[in-house]
Amino acid sequence: MARYDSLLQALGNTPLVGLQRLSPRWDDGEDGPHVRLWAKLEDRNPTGSIKDRPALRMIEQAERDGLVKPGDTLLEPTSGNTGISLAMAALLKGYRMICVMPENTSIERRQLLELYGAKIIYSPAEGGSNTAVATAKDLAAEHPEWVMLYQYGNPANAAAHYEGTGPEVLADLPEITHFVGGLGTTGTLMGVGRFLRERAPGVQIVAAEPRYGEGVYALRNIDEGFVPELYDPDMLTSRYSVGSFEAVKRTRELVEVEGIFAGISTGAILHAALGMATKAVKAGERADIAFTVCDAGWKYLSTGAYAGSLDDAEDALEGQLWA
Amino acid sequence: MSVTVSIPTILRTHTGGEKRVSASGDTLQAIIADLEANYSGITERIVDGDKLHRFVNIYVNDEDVRFSGGLETAISDGDSVTILPAVAGG
Numbered sequence: 002m003a004r005y006d007s008l009l010q011a012l013g014n015t016p017l018v019g020l021q022r023l024s025p026r027w028d029d030g031e032d033g034p035h036v037r038l039w040a041k042l043e044d045r046n047p048t049g050s051i052k053d054r055p056a057l058r059m060i061e062q063a064e065r066d067g068l069v070k071p072g073d074t075l076l077e078p079t080s081g082n083t084g085i086s087l088a089m090a091a092l093l094k095g096y097r098m099i100c101v102m103p104e105n106t107s108i109e110r111r112q113l114l115e116l117y118g119a120k121i122i123y124s125p126a127e128g129g130s131n132t133a134v135a136t137a138k139d140l141a142a143e144h145p146e147w148v149m150l151y152q153y154g155n156p157a158n159a160a161a162h163y164e165g166t167g168p169e170v171l172a173d174l175p176e177i178t179h180f181v182g183g184l185g186t187t188g189t190l191m192g193v194g195r196f197l198r199e200r201a202p203g204v205q206i207v208a209a210e211p212r213y214g215e216g217v218y219a220l221r222n223i224d225e226g227f228v229p230e231l232y233d234p235d236m237l238t239s240r241y242s243v244g245s246f247e248a249v250k251r252t253r254e255l256v257e258v259e260g261i262f263a264g265i266s267t268g269a270i271l272h273a274a275l276g277m278a279t280k281a282v283k284a285g286e287r288a289d290i291a292f293t294v295c296d297a298g299w300k301y302l303s304t305g306a307y308a309g310s311l312d313d314a315e316d317a318l319e320g321q322l323w324a
Numbered sequence: 483m484s485v486t487v488s489i490p491t492i493l494r495t496h497t498g499g500e501k502r503v504s505a506s507g508d509t510l511q512a513i514i515a516d517l518e519a520n521y522s523g524i525t526e527r528i529v530d531g532d533k534l535h536r537f538v539n540i541y542v543n544d545e546d547v548r549f550s551g552g553l554e555t556a557i558s559d560g561d562s563v564t565i566l567p568a569v570a571g572g
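Top line first, the protein sequences correspond to chains A and B.
According to our numbering, the first sequence is numbered sequentially starting from 2.
According to our numbering, the second sequence is numbered sequentially starting from 483.
Please note: incorrect hints may appear among the correct ones.
What the hints assert, rightly or not - With a straight-line Cα cutoff of 16 Å, these simulated EDC-like cross-link-like pairs (lysine to aspartate or glutamate) come out:
#, chain 1, residue 1, chain 2, residue 2
1, A, Lys94, A, Glu64
2, B, Lys501, A, Glu215
3, A, Lys120, A, Asp73
4, A, Lys283, A, Asp32
5, A, Lys250, A, Asp312
6, A, Lys280, B, Glu545
Hints were generated in silico from the structure; no laboratory data involved.
All chains should be built: construct the whole structure from the sequences, respecting the hints.
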């Protein structure tokens with residue numbers, strides 16, 4: 002069944018694709034049991050990213066709770082994808098959309114937001130998304146008539162993955178041993194992690210978080226740091242920090258070896274997934290490792306990540322929010 | 483054990499502006515004690531009581547130490563230790 006009455010209904014049920022070439026050992030053999038990587042193609046969602054899931058789920062929850070009605074204005078701090086997803090849903094549902102976005106994000110994200118009819122308020126590059134969150138909270142206080150869904154603390158964000166992404170992964174890969182996802186709002190890992198831990202005993206939940214250039218960490222004091230309200234470290238088995246060099250290297254491997262054209266955050270996730278695979282091979286253990294392809298590479302072509310040497314790409318990404 | 487520790491901008495007031503410094507110790511706790519010996523006052527910015535400060539993340543070879551033993555995380559020669567403030571993604 003692939004017919005839908007609305008784009009909003011075409012959400013989810015994304016493919017899970019085996020990486021036969023990048024997996025260290027696709028088949029069981031004399032050397033040991035298989036160690037396989039599986040990519041969940043979340044770029045196949047309505048606006049092309051995994052964020053369509055939490056965005057729609059948060060809006061629908063707010064509608065059920067009577068917090069929004071058509072004509073209302075939604076406000077959200079976002080580095081891009083959540084804003085794009087919310088803007089599309091707002092367009093179709095009749096809301097106005099205002100995004101607070103750090104100024105060091107790619108031109109494609111800004112153009113898409115404007116195409117979907119969103120208004121963008123820029124926050125300074127220094128401090129990255131922390132500053133966007135603080136700015137949005139100030140604006141929400143000044144404009145009580147605006148509705149901030151607030152992806153970092155909204156349980157509907159994690160619920161979208163508990164009810165959608167998690168069940169889809171387990172249905173397609175009942176033998177799953179590891180799930181690797183990106184850590185931003187923490188919604189994906191909290192939701193999928195909780196679902197899999199309840200149903201797949203022993204499953205490892207692994208976080209890959211982007212490590213940016215120095216400017217993004219330029220807080221005035223440590224107390225300006227930020228941990229999303231949704232975050233529960235008990236849901237994770239381990240957490241890795243992945244820099245732009247490794248992220249770009251893996252992003253390119255994914256397209257060059259497996260034909261999957263992904264965004265840069267996916268490269269960071271693949272890097273952590275390959276680390277898990279290497280550990281499994283060394284331990285002689287079977288592994289079926291699922292990871293998310295959060296979006297495709299189209300929105301990042303202008304960053305310089307997809308052409309020239311890896312060192313040049315790393316330099317080009319310095320100071321940019323690439324995840 | 484001698485390792486290189488990456489210091490975030492926000493803590494470089496303690497290291498005279500140095501981005502990377504050397505420290506010795508066989509656990510993360512010992513590394514932090516060694517940092518304190520050379521860069522007085524840095525510990526209280528990183529550690530709160532017997533735990534890491536809520537808004538500080540430390541990675542040994544890119545793995546968050548909260549999942550690998552916390553302050554007791556074992557350190558080997560040549561490991562890389564990275565200190566970063568916690569920031570938002572999304």
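Regarding the pair Lys250 (chain A) and Asp312 (chain A), is the alpha-carbon distance no greater than 16 Å?
Roughly 10 Å between the alpha carbons, so the hint for Lys250 (chain A) and Asp312 (chain A) holds.
When you check the alpha-carbon spacing of Lys280 (chain A) and Glu545 (chain B), does it fall within 16 Å?
holds (14 Å)
Does Lys501 (chain B) pair with Glu215 (chain A) here, judged by a C-alpha cut-off of 16 Å?
Holds, at about 10 Å.
Taken at face value, is the distance from the CA of Glu64 (chain A) to the CA of Lys94 (chain A) at most 16 Å?
holds (11 Å)
Is the Cα-Cα distance between Lys120 (chain A) and Asp73 (chain A) 16 Å or less?
holds (14 Å)
Lys283 (chain A) paired with Asp32 (chain A) [C-alpha distance capped at 16 Å]:
holds (11 Å)
Consistency note: the structure conflicts with none of the earlier hints.
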